[in-house]
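S.K.: Chains as they are written, first to last, in our numbering: chain A, 104 to 472; chain B, 11 to 648; chain C, 2 to 205.
Derived from the structure by calculation, the hints contain no laboratory data. Each hint should be verified, as a subset may be incorrect.
Facing chain A, from chain B, some residues (calculated, C-beta under 8 Å) [claimed, not checked]:
hint: 1; residue: GLU231
hint: 2; residue: TYR286
hint: 3; residue: VAL544
hint: 4; residue: CYS589
hint: 5; residue: SER592
Don't be surprised by glycine CBs; every beta carbon is placed ideally from N, CA and C.
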Amino acid sequence: MDEFARKGSVNLKQEVIQAGWCVSCGLCADMCPYIKTVEDRIAIVHECNADEGNCYKVCPRTATDYSFLHRQIRDSDDYDYILGGYRKIYMARAINNSHHESGQYGGVVTALTAMSLREGLVDSSLLTANSVEDSRPEYVIAMDEENVIRAAGSKYVVYPTVRGLYQREMSQKDKTLVVGRPCQVTGLRKMQHYTSVAQGKKVEFIIGLFCFWGLEYAFYNYLEDELGIHSITSIDIPKNRGAIIKTSSEVHEVPLEKVRTFIRRGCHSCFDPTSELADVSVGSTESETSWCTLISRTEKGNELVNKAISLGVIEVRSYSSELEEQLREAVRNKKARVLLEKHETVSVNRSYLRINDSLQEKLKGGSVS
Amino acid sequence: MIRNEPGTTVILTGNEAMARGAMEAGVQFCASYPGSPCVEVADVLIRCHDRGIYGEWSTNEIIALEAAAAASFSGMRSICVMKQNGLAVAADFLLSLNHSGVRGGLVLVVGDDPSAHSSINEVDSRHFARFAEIPLLEPSTVQEACDMTRWAFELSEKVQTLVIIRVVTRICHARGNVVLGELPLVSEKIPRIEPWDRFFCVSLAHLAVHVRQEQAREVFEECAFNQYEGPEDPVSVVVTSGPSSLYAREALSLLGIREKVGILKMGATWPVPRNYILNHLGKSENIIFFEETDAFLEQNITSVMAQFGDRKYHFFGQASGHVEGERGVGVGEMSTNQAVKALSKIFNIDNPLVRPNTSDIKEILRGGLPERELTMCPGCPHRSSFWAIKTALELDGREGFTLGDIGCYTLGALRGGFYLLRSVFCMGSGAGLANGFGQLHRFGFNQPVIALAGDSTFFHACIPALVSAQYNNANFTLVILDNGTTAMTGFQPHAGTGLTGQGTSTGPLIIENITRGLGIKTEIADPHQLKKTVELLYRMLKKQGPKVVILRKPCSLEASRIKRRLYQVNPVECIGDSCGCSRFCSRVFGCPAIFFDNEKGKAYINDLLCTGCGACSDLCPREAIYEVDTNQAEVKMA
Amino acid sequence: MKGLKEPLNIILTGVGGQGNIIASGLVGIAATMAGLKVTIGETYGASQRGGTVMSNIRISLREDFGPLIPTGCGDIIVAFEPLEALRIVSEYGNSETKIIVNNEPIYPLAVLMGESDYPAVNDILALLEKIVGDVITFNATALAREAGDPRVLNMVMIKALAVSGYLPFPASYFDEALETFLQGLPSEKREVNRRAMGVKVELF
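Input sequences plus hints: build the corresponding full structure.
M.R.: Structure below.
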């Protein structure tokens, strides 16, 4: 893409990091010795002197054309202007109780990941887990079911998990399954299609999660320093409620309005709440807590789901049209807010999107609430 | 060095010669803090403990001078050695010790460093002798360094005050012939403080200070170290001291006026021996001062001439602008070049010294000759520490900065340390300044502050700074770069190393026990474990109050003496210039053992220089650097 | 002893860590044993860490000289590194100067980092020949490696100086000087240094 010509770390720093659009996906973090990360922060620590760089190409906040990338991963042109390209939407849940209980909303991600490892479809998986020491998120390279289960459960604070692809532990692995947020999925597809970075070729499957926003690490500092909550064991943010914070002995609730003040700024510019470019996408379903929404998108994703069904790893039901309508409305509204650059308190960046006019018009036609 | 063969001629450094002179005088006590250029004086004496000498590395120079004074009060001949900056540290005691006087001869060797070859500044310590009103001797050759040191103990006992021997780098590190004198038998006298002894600095004693100074002046009127050579009744005389006298002499020869111009070489330079000076200069017309670094002789002697001389003299020196050091008037060291320049101007003779024609060089080597920048040694843990600090500060994002201090890590101000340091002053100044910055938050200042200190610097000067920080709750992080030695000056041991200067074991003082004992949050990390170190620093920068992070890893030069390891680059895996590396190890990390071969487009490790620390291997994004099995490697370690 | 220029100025130069100081010490001991007055000026300390080092050796029958050689007054230059040879010659050389130079380079930081180019060694040697009298060059580092350790390069260079005929006293003084210096060193170190001094140098 011409847009990437002669653009490198200097541009990444100016246009994304210093401009405040970074979503801490981790595609650039640890990609080379000059880009370092800690917690949810990314910094380009030293100039690399290269005029043109992979870091710029893989970033989900530099020029991104979802329709184009969609065509690269599916051999079909049917592209739904709200949900992206897909084959089928299901209601799904894991059959195995341990997946079910540890997972959130049905345990489907855990089940699919564990199955892929067991069946030898991949030799490793890159997941996000809460650390044993301080419950903060960290990347995990899981090769067995026990570690997959350790990574189960939703995370609300962003973490640059994809940095795990560049670590020494991954260098001997050939095929890996990545579970990621939509920005991470987008970044991985950009890596596969705009660069020849070896890690891109290693990624065999991508399970994308639904995500409408993520929180900054500063949320933990707020909990600890201002609310005095230490030794957090879990954070859960059920629909329409505040954040439920559990420690070993207590349960706290932080009101949703307060939680929202910690939303990472770059998330307001996100155009892809359902991980359009994943092989399969998984997310919660409004009304149901033990079933989730499962979308199979690519050929690979479709085969994965069918295999999981036939092996009795997951069970599926049809997706009702009311649910589908609710999902479509929520996603369309998010997309429209970005296109119209409307947000009460933060600025929104839509300049990274490459989207044709007719798609834009269709999206903007929806209500913006 | 310690042979008892009087009359033999050997070749010694100036430092060794002073140690020898002290031994020939029967010195029994030596206290010092390491400082270039004179550290070896103490190095030698401390290792001669089987000659009845006790020598120690004190934690700082004021303690060293106090310890040496105690031995002197008890009747023993004692010596204290320090560099120019150390004398400033010891100044409080110096300016009070002159009031009480001494008992056994006490000699203070001060090493000045004109042109600051191994210092942050060039200080002319001779002013301290005048300030304290005590005798000052300046050797001009290595032999004189030996002879003056030996005599200085006698002088000190005669005048009953301490004597300063001021040397410069070009004496300390120069080597020259020394005729050995006799080594006395080890004294068996037991040191004692008598019931009537009182050693006070009290203002009533100020008169005694003047009296002793006057006594010294009388001795100096007849001192053999002040020498005149040249014509009788000279019209022009060069007044000089230290190695500058040799430069002046050679310059006069080169200019062909050696027969015409007198040279008054002063060895005992404070107090000024008035009569001696007037005898030799009183009837001359032109008096030329040639010394380094300040116009010390010039100011003192012109004042004497103005008060007691009987005619108008023409003075040439720094005030007249004729005499320059290598970097300007009063700046930089002297040399024969500078002497020729000055004298050719004064006597209106063409300068005979000619540089070769280098126009061809400029033509062929368009860029000129590449300079050799100073950087840390291969494998230096400071390089990794600087990289970790730089990374943590960038990630923190609040424009934090780093305050430097004195040691090998001072090189962090240069490219080798990513230009990280924002300040460098005296020992402990990093932690000291941080105390100030750490209070500015109440005015809206929010930039995180890191102060650096080496392990030796920590013991020398940082403990009081940490006490103040904890007491006043100053916000900063003191990063202690603990490489287990006093590296810059030659690997002397200190309180934290577990060894005394004499090689005896002593329970090491553990730095973290001290800082935690003060109640300060302290964490420890290995700087080569980059990820952990960065995370630790990042977290600490966010905390309030004073914090200590100890980055602990032995000096690579020391470590490589024990076990040699070696790394090499696999050219197949090395991606060199490509995105993902861009020559990180050679170009950015900058270890001098790593060279980037422009033709092959690959990095390469020089097996002569690599100390096997493995930092580059850990940082290589392609795992292209591997450890070589040194048993089979071609290069065998002797 | 041959007619001695008063003073005879010998410069040893190289990069910090090449063993300059040990080498100049040997020259000093040898000259002292030969009954001459010697003054040697050095800088070390920070120079260890990659900087240029220079030893100024002044030899005289009559008097003490200062430890710094004046501009253009270098009589003999022994250079452990070619770039340093050129640097020193540019300041201290004259048309009568004799140089012995090791032709294996050590790259300064700027070159290692890819920011400057190191000049071609042949260009350096050609420039030296334009400025001074005699230029003798060889790969002393290689000879040192053969002797068992590239770090005894300094001994190979001193051997070359000893047999060059440029000095006013015979090479045998260096053997005595070497033994004095080797006292107190472990035996492997003594051996490798002796082998280096025993290297055949037939350049003169």
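S.K.: Next step is simple, just say for each hint if it's right about the structure.
M.R.: Hint-by-hint comparison with the structure:
Residue-level restraint check for GLU231 (chain B) is violated (minimum Cβ-Cβ distance to chain A is 65 Å; threshold 8 Å). Restraint check, TYR286 (chain B) versus chain A: the minimum CB separation of about 63 Å is more than 8 Å; hint violated. Given hint, VAL544 (chain B) at the interface with chain A, holds; its Cβ is 6 Å from that chain's nearest Cβ, closer than 8 Å. The beta carbon of CYS589 (chain B) comes within 5 Å of a beta carbon in chain A, closer than 8 Å, and the hint placing it at the interface holds.
For SER592 (chain B), the shortest C-beta to C-beta distance to chain A is roughly 4 Å, which falls under 8 Å, so the interface hint holds.
Checked against the numbered hints above, the structure breaks hints 1, 2 and satisfies the rest.
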